[in-house]
Amino acid sequence: MPLLVINMPWLTILTLIPLACGILLLCVGPERKAFARNLGIGASTVSLLIVLLLWGAFKSASGGFQFEESHQWIPSLGVRYHLAVDGLGLVMVLLTALVVPLALFASWNIEDRVPFYFGLVLLLEAGLFGTFTALNFFHWFLFWELSLIPAFFLIKFWGGPLRSGAATQFFIYTMAGSIAMLLGFLAIFLATNEFDFNELAKLGPGGLAASFAGKVSSVDPKTVVRMAFAGIFLGLAVKVPLVPFHTWLPSAYAEAPTGTTMLLTGLMSKMGVYGFLRILLPIFPEEIRWVLTPLLWLTVISIVFSAGAAFAQRDLKRLFGYSSINHLGYCLLGIFAVATPAAASVAPATERVAALNGVILQMFNHGLTAAALFWFAGLLEQRGRGLRGIDDFGGLRKVAPVFCGLMGIALFSSLGLPGLNGFVGEFLIFKGVFPLASWAAALAVIGLLITAIFILGILQRVFNGPLNTRWSAWPDLTQRERLLAFPAIALMFVLGIYPQALVGAINGTVVRMVERFTI
Amino acid sequence: MNYVELLSAAAPETMVVLAAFAVLAVGLFAMRDVEPAIRRLIEVMIGCVGCTAAIGWMVALPQHTDLLGGIFVVDSVIQVVKIALLTLTILALLISQDSDFTKHVGEYFALILMAAAGMMFLVSSEDILFIFVSLELTSLCLYVLAAFNKGQEQSAEAAIKYFLFGGMSAAFTLFGLSLLYGLAHSTNLAEIAVAVRSAGLDPLVVLGIVMTLVGFGFKVAAAPFHLWAPDVYQGAPLPSAAFIASGSKVAGFFITARVVSTGFAGQLPNQALPAGWPVWASLLAILAAVSMVLGNFAAIVQTRVRRLLAYSAIAHAGYMLLGVIAQGTPATASLVYYVITYALTTLGAFGVVAIVQQQTGDDRLTDFAGLARRSPGLAVCMMVFILSLAGIPPLAGFFGKFYIFSAVLQGSAPGMKALWLVAMAVALSAVSLYYYLQVLKQIFVVPASAEKEIHFRTPLLQQVVLAVVALTVIVLGCAPEWLIHRLTGVTAVAGL
Amino acid sequence: MLPKDEPRLVRGFALVTALAGLACAFCGTLRFHPGAIATVARTRWIPSLGIEYYLAVDGISLTLLLLTGLAAVAGILFSWNIETRTNEFFAFYLSLIGGVYGVFLSFDVFLLFVFYEIAIIPKYFIIAIWGSTRREYGAMKLALYSFAGSAMVLVGLIAAFVLSGAKSMSLLELAKFPFPHSFQLWAFPLVFVGFGILAGLWPFHTWAPTGHVAAPTAASMLLAGVVMKLGAYGCLRVAMTLFPQGLDPWGWTVLGLGSWRDVLSLLAVIGIVYGATVALVQRDFKFVIGYSSVSHMGFVLLGLMTLNPFGLMGSVLQMFSHGVIAGLLFAVVGRMVYDRTHTRELAQLEGMSLNTALPFAAATFTLASIASMGLPGFSGFVAELQVLVGAWHAYPALSILTGVGVLIGIAYSLRALLKAFFSDQPASDQTVPNSGLQHLELSPISTPERIGATILVLASLLIGLYPRLLLDLIGPSFGSPLFDGLRKCVGSSWS
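Chains as they are written, first to last, in our numbering: chain S, 1 to 519; chain F, 1 to 496; chain R, 1 to 495.
In isolation and in its complexed conformation, chain S is listed as follows (with noise of 0.2 Å):
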């Protein structure tokens, strides 16, 4: 690569062009739609392009931080400007690249205040490209709320019926969260006077705490330190979600319009496994050992609760939206794996890897997985007249084989079909947690179970079983649309058989990350 090329600050414009033209879309007047919409679709499109090229010039067995930028920005408070990408990073960066443009075709048919709703989608993304690339506390927090701000509008002003209701409920969980991860923040800076993830990882084990030692009057070390994690740990369990504090998505993925659900599972909840991986892991170490046992059960419940709940709906999007959570939930089962004290268990660092493996590429099939099971879904609504109950439908396969043929290709993914993405995840996963923690893994089976029965409900009921007279004149998929999922299923495909597409990039950052975990 030319040098020039190479030392260009890519991470700032690729947060800058979303966020610039966001913004100009903002100001713009509601009669013009088409130029909204290819403004949207062609910035997206140009931020796609950005990140292949960071992906050919990604060196990816250094496994370390490049395209790094840093410069001076509030040097009293410790804060800097500091962009880079690691393994992890390019992965979460190239997912919302790929998600956003298809959330904006799926929203080519809104037509109420286009530019505004396009303006909120780019500014929801340039949201995430700052979040997934910030290596400072005060940057990763300034886009972290970035992001909620375009995604209440988006709820509010385009979703279903119950819509102001979910929007608000979703904004003050997650600021409730948001606020208590500052907190936890502010409470580190004090100890260390540092804001910057990489600073903080360095400490290493117990380094914090001891950080801690008379800074903070009338309060153990400790307890500070403990309180801080809990504050961080709550910010990021909010938005991933996980259970008990996940009661806002139900209602937030069915009354948000397709688009935005789109993003909300794709890319939202992603936010907060990333957290995580990149902030809680590296920094508190010895605290998600001190609950460590606690932590697995409710990943446990999780999986396990949210499974039954999907399979308790009739509502598609409410059905989808417990079944996220159920697949984060094998996400944040083998982070909480990986913590375990070597001591405790006798395997090597190898399944660690695995392990962390496993859940960066859950993360990414999910993040497409889910985009298109909902998008599908989306699909459904509309050419239903409204309708997206479960019992709503049937048959559909005899009048539109085609878009049976894909969404079951999404569905069985989301199942972990082996072959099709989602199954490479959740093996390396499993494999990865079972000598780590066997109980957890073995009650997460579960899960898996009573997924694949709801899945195989969904298809039994909506696209088998004797056609509702009603839909005898169901279109099929357009051609425009199959021209959408095609990308989509492909990349299922092949994912699904050549998945070291991705682990070769990351391999190199998770064998780093955990090196430096084991002690």
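Since the hints were made in silico from the structure, they are not lab data.
No residue lacks a Cβ here, since even glycine has one placed at the ideal position from N, Cα and C.
A few of these clues could be false.
Said to hold, decoys possible - Distance windows between CB atoms, simulated:
1. S:ARG385 to R:ARG450: 37 to 47 Å
2. F:ALA427 to R:TRP250: 21 to 31 Å
3. R:PRO178 to S:LYS222: 39 to 49 Å
Stated by the list, open to error - The calculated DSSO-like cross-link candidates involving lysine-lysine, where the alpha carbons are at most 30 Å apart (straight line), are:
4. F:LYS441 to R:LYS141
5. S:LYS202 to S:LYS431
6. S:LYS222 to S:LYS59
7. R:LYS488 to S:LYS222
8. F:LYS103 to F:LYS150
With chain S fixed as given, assemble chains F and R onto it according to the hints.
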């Protein structure tokens, strides 16, 4: 001692008395048939000329004499006070130029000048007998001045109250002074001081001191001897009320301060009393506290501006008593500063009230409504006066309060022990803002009711006078250094 | 004095004056050496009492001067439509601003007090004459509370002056003077609370919601934006500088509180939470903002009490930030909405679909709400962040409580925003005729309003993204000799 000496020492007073006679004479002989307005103008001019001459004399030929063993004393601080008194007289004369409540114009102005002369004699004395005589001279003139408006019952009522209260207080004063004389075998304040010091807490001495202070307390309208004030301020003809409110306060406080600091100063602090203060200080402290409380709270409920000013006068008397309690040069200088600026401000306020009352017939708060529209100049002047009374910087009233309060705490007696008094004064001063703002609210905020859309006819002379007074108040507040410096200097020299 | 029938002339004059003031502040900032105290003017005024006409600036003063300039210009822009007694309005307004500038510039305690008091009377008149709801009551309450506060300060100041030998009233001299410990223990709370009344210290804050609601828009902007900061500035500049030992522990505890510092921190946090909670249930739009001011000022006071460089910097930054944000909020509520719809009841505004009728106002208020919530990107975040860091050091439990307060703050801001602008239901207040979704024809937002709003939004955004601009001014100021006593305080944390 020869009469030339006496005459030159008492020249200013003489000039004023002569002016009084001249006014009377002119009125009686030359102007019987002249139109009242012109008559008033001419007589006011004569009076002003006389006063100005007196001021000029004092400025040009400053004196230091002590005649007849303290009966008539002239030194720098006394001259400053006299100049102030004369200025107030001039202003009072100018304000009254437009009043037409009486046919006996000459007598009226002559009485004002005589009262002024009495006050001047009052402040020049260090002999209790002479003090009493001058006090009576002044008071008698003021009683008559209060009664001058024969067309109104209120005027007579006010004068009767004033006279009865005044007579009684004169009795108290005389009784107290006679006890002190009995103790000291002399009417000179310095010798009384010696006797008081050696007598300690002899009950007769205490009684004498208390009685004297009661009498003076009446004069300056300190509570609980204030009962005459609201009625007199309300009922007496406006120029009289203005003069009483300003001139007699200046004289009264000055002489109280002198009597206390020169006469009673010897009294040692007594451990038996709270705060270890001397008797007179404790008494004055109580008077001050009661005045401040009563004056401020009673003013809140007033609906007539003159009565409001009366109660505010009582409150201010309380603040000024703090200056009397404290000893030392800063305290006395601050007291003189405060009382002079207060007198100017009150005079100005009364001047505005005079004009409003003239135009609307009454002085209720509602009569001031919309004054800002009807006569902006007058409204601004009134705002200056009211805010100065309230103690808002950068006006003279604020600075006076600050000066007095800090002077009270400085110095050894009573020093920081008076902190509670000062705190009380500041707090009550804050309360006073409420009723002062009521007046300003009427003037600026409330729109004038339709029937009262009278175009204000403000006589030019009075406007000019009021503007000058307002300007002085502002200047004295923003740049008080000149006056303070002079006062501190002369007070120190006088050993007060 | 200007001709009565030329309101344009008057407005123009006022605007030019305000801009000139802002320009001076800017120039001063550009030429300033951080950490220094730059003298602007110093002459002897009343030598007999050691009083000087001493104007000077340090970083803290400059920050607040900038704020005043911004608020003044914006306020005048938002008052462009005043038609009754225009001359007098702008005359009072400019004198109020003059008084405020004076306070921020004074380095002589007497002079500071003089300017502080001068500012009270114009406030009264502006509210009493041009205000709205219960204006005479609101104006009187505000004037009396302010005056009472300044009375408390006066007592403390006189006592300090006398005790120090009555030689000088200069801030630097008095700060150096070693007042007796017992004296400082009562003088400090007296003066602090005296100034704190104006800063909205709980429970003396009750004048604020009434006063702000009663005041006309420009006055509310100035009141909440700048005048409340006068109080906080006084707390910092006078109380904490002259009597730092007043913050020391008493040696005994009551209810877990062992010093004035504990008491005041607790009151500050109560103010934060109480203000936010009460704002949550208000029916009148302007009252929501009024109580939010009380809540935000709690941050300022808490920051002061942390005695920590971060907390103190955050406190001053919050003064600036909230000044700008409060100005924005009041501008939207008062000028953009109330002047057009003549109602401030949220229940009625719900039905008016204001986001389509007044899109600029909706957008501005959205940004202002986001800023008020303390979301990153705007100045409030950085300020609150610093205050919270400081609070963690000194009072960890209180910092968690403050976090709760922030959350409630988010809730009420959201509620007000949604109800006023983005509601899709018809008005819940059925007693109003024509309720039901209306599409009102409201006059568009005028150019002065747009300019004013833009200025304020940009200011908040600029400082939110690049707070160094102000922090580099504020931080070093705490190293000046003025704050020696404070730095040596018990329980302070200066590294």
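Going down the list of hints, with the structure as the test:
1. S:ARG385 to R:ARG450: 37 to 47 Å: holds (44 Å)
2. F:ALA427 to R:TRP250: 21 to 31 Å: Holds, at about 25 Å.
3. R:PRO178 to S:LYS222: 39 to 49 Å: Between PRO178 of chain R and LYS222 of chain S, where Cβ atoms are some 41 Å apart, the hint holds.
4. F:LYS441 to R:LYS141: This hinted pair holds, its Cα atoms lying about 13 Å apart.
5. S:LYS202 to S:LYS431: Distance ~29 Å between LYS202 of chain S and LYS431 of chain S Cα, so the pair holds.
6. S:LYS222 to S:LYS59: violated (39 Å)
7. R:LYS488 to S:LYS222: holds (28 Å)
8. F:LYS103 to F:LYS150: holds (10 Å)
When held up to the earlier numbered hints, the structure conflicts with hint 6 and nothing else.
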